[in-house]
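A.B. asks: Those protein sequences? They're chains Z and S, same order as listed. Quick note: the first sequence uses the working numbering, first residue 1, plus one each step. Quick note: the second sequence uses the working numbering, first residue 1001, plus one each step.
Note that these hints are calculated values from the structure, not bench results. There may be inaccurate statements among the hints.
[Claimed, not checked] Derived DSSO-like pairs (lysine-lysine); straight-line CA-CA distance at most 30 Å:
| no. | chain 1 | residue 1 | chain 2 | residue 2 |
| --- | --- | --- | --- | --- |
| 1 | S | 1402 | Z | 22 |
| 2 | Z | 30 | S | 1326 |
| 3 | Z | 26 | Z | 5 |
| 4 | Z | 88 | S | 1360 |
| 5 | S | 1360 | S | 1305 |
| 6 | S | 1264 | S | 1402 |
[What the hints assert, rightly or not] Simulated restraints, written as ranges between beta carbons of each label pair:
| no. | chain 1 | residue 1 | chain 2 | residue 2 | range |
| --- | --- | --- | --- | --- | --- |
| 7 | Z | 105 | S | 1124 | 47 to 55 Å |
| 8 | S | 1290 | Z | 54 | 44 to 52 Å |
| 9 | S | 1191 | Z | 43 | 31 to 39 Å |
| 10 | S | 1160 | Z | 63 | 25 to 33 Å |
| 11 | S | 1195 | Z | 102 | 29 to 37 Å |
| 12 | Z | 96 | S | 1366 | 33 to 41 Å |
| 13 | S | 1282 | Z | 106 | 14 to 22 Å |
| 14 | Z | 106 | S | 1325 | 16 to 24 Å |
| 15 | Z | 74 | S | 1017 | 16 to 24 Å |
| 16 | Z | 171 | S | 1220 | 15 to 23 Å |
[As the list claims (entries may be wrong)] So these bits of chain Z aren't anywhere near chain S, every CB distance computed over 12 Å:
| no. | residue |
| --- | --- |
| 17 | 37 |
| 18 | 41 |
| 19 | 115 |
| 20 | 134 |
Glycine included, every Cβ here is placed at the ideal spot set by N, Cα and C.
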Amino acid sequence: MAKKKFVVGSFKEESVLFPAVKAVRKAGYKIHDVFTPYAVHGLDHEMGLRETSIHTAGFIYGITGTATALGCISWILVQDWPLNIGGKPHFALPAWIPITFELTVLFSAVGMTMTFCYLCQLAPFVKKHHFVLRSTDDTFAMVIDAGKSNSQEIIAFLEAQGAVDVHEQFAETGWWFGTYNKEQQLYKDTTVDIA
Amino acid sequence: MVSIKEQFEIPAKMKTWAMALIAIGIISVVIGFIMHGTGTEEEQSVFWGTIMYNSIYFMLICNATMFFVCAVTLAMGGWHLVFQRVAEAISVMVPIFGVITFAVFLYIIFGGHLHSIYHWIDKDAVAKDKLLDGKSGFLNPTFFMVWSILSIGLWSILGARMRKLSVEADESPMDYEKGKHFVWRNTVTAGLFIVWFALTIGSVTPWFWLMSLDAHWYSTMYSWYTFASTFVSGCALIALWVIYLKNKGYLEYTNEEHLHDLGKFMFAFSIFWTYLWFAQYMLIWYANIPEETIYFKPRVQGVYKGIFFFNLIINFVAPILILMKKSTKRNYTMMTFMAVLILFGHWIDFYQMVMPSISKNTLTLGWLDFGVAALFIGLMIHFVGKALARKPLVAKYHPYLKESIIHQA
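Take these sequences, add in the hints, and give me the full structure.
C.D. replies: Listed below in structure tokens is the structure:
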């Protein structure tokens, strides 16, 4: 994957972040992502992200589970190897409901987790670049996709919006099987005082 | 703050509707009484059974709205405050319907010698019946009546205390200490209500009122099943009134965020109801013991077969498929439709809990059922409308109100 150019700004307050997001979008810059220490209500709406389709995926996985369970059990117990269990009919639907339910839940849960990981590009051995390490603690980090435009202009704009520690970064996005280049270096970067 | 319409005024149309429904109801009951009230024991039982399941159903769904308020209060929730007064107003029906229900019980137990409704009141039959004789320490008229008075009475008293506490939030702004004290007192009363609710709806009351219709039969799921049925209907009832008031231009602070959460309750408890329905059905089906399957015999194989499965479709299949989507739960039209469907579905559920035990071989669903239901709906519209008009629609100095206004589902 190719490296891309980003401009990264840090915010200490939600109340500063929200107007900044609005202003950045209005100015026409492309927000790559906003990293927050916790889920911020309404931020997705402000960033103009579309509603996720993961529920639809979950529903389809669930239906697949239902069909698998019913198909499998009914083929085994009716077609392939019918057994007389307590005089019950071979097609003993009530007895199968618990298994069907379990398989529905299992399929939709596992399927949704895997889909989520795929969408977030998370998998074993895949590395993710951390733009601002303190975004896992107490800092809101806004990352702007600089593309070919002038970084200095974006940096000045972000600083005007109340961001601190605004700087340019080159980072891998997407699927990246590489290694972190000198891990200590990353921590060293963040010693820049933004508190 | 924007100025809001705080005071509900009863529209003339609502009064007309309430009166019309009450009139239809009373006429139905009178005609029903003339036709069946003095007939054979079977006819009388069907008549009184119809009135009984309607009164129990409507009382319990109104009581469930107070349970909703108490449960959310106890969980330190604040999101419901913009429409809490609606739920409170619906719960004023508990003493009114309670008196009706109690009067019906009085007649059934002491007045009419209707042994085919509650078999265990027949002393001679109990003496010969080993099972009923063993249960007679519990299943006897005195215990039944005392427990009914306690149930209905304490629900009414504790509900009234909750409503009275709520009015205090209208008077003046609260500082930190006063607000804390107010929330604490709310929590205590809600806690008492919930404990009593658990001891009644969660266990003994449905055993008496509904399960003892099949006196030989028992199910450990029964009370929870009744609770789930009434609670999901209660949420639907709140949603329906909220949407009505919203359409009339009241409840400015209530928006689709709150409706979405009510929809989640309706969705979740429809599934919960199905879980209990199935848990009760499957174990009995699997074990296949005659004294247990006796309950399902007229329902699954007899004339009630259609209603039994129809019940499952409108109370499970429809809610799970329709209410699953977020956009449905935020849509006023769809929520109205689903609320009406759920209320009707659980009314049918109560019908099939009660009537097959009274009239095993003939399907009794007819104009009388709908007429009696109209009476109760009319009474509800009349009294809930009055209760809504009595006080402001929003408790404006409640410490948590801000939380409710900015609520996001």
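A.B. asks: Would you pick out the hints that fail for this structure and give their numbers low to high?
C.D. replies: Hints 10, 15, 16, 18 contradicted; others consistent.
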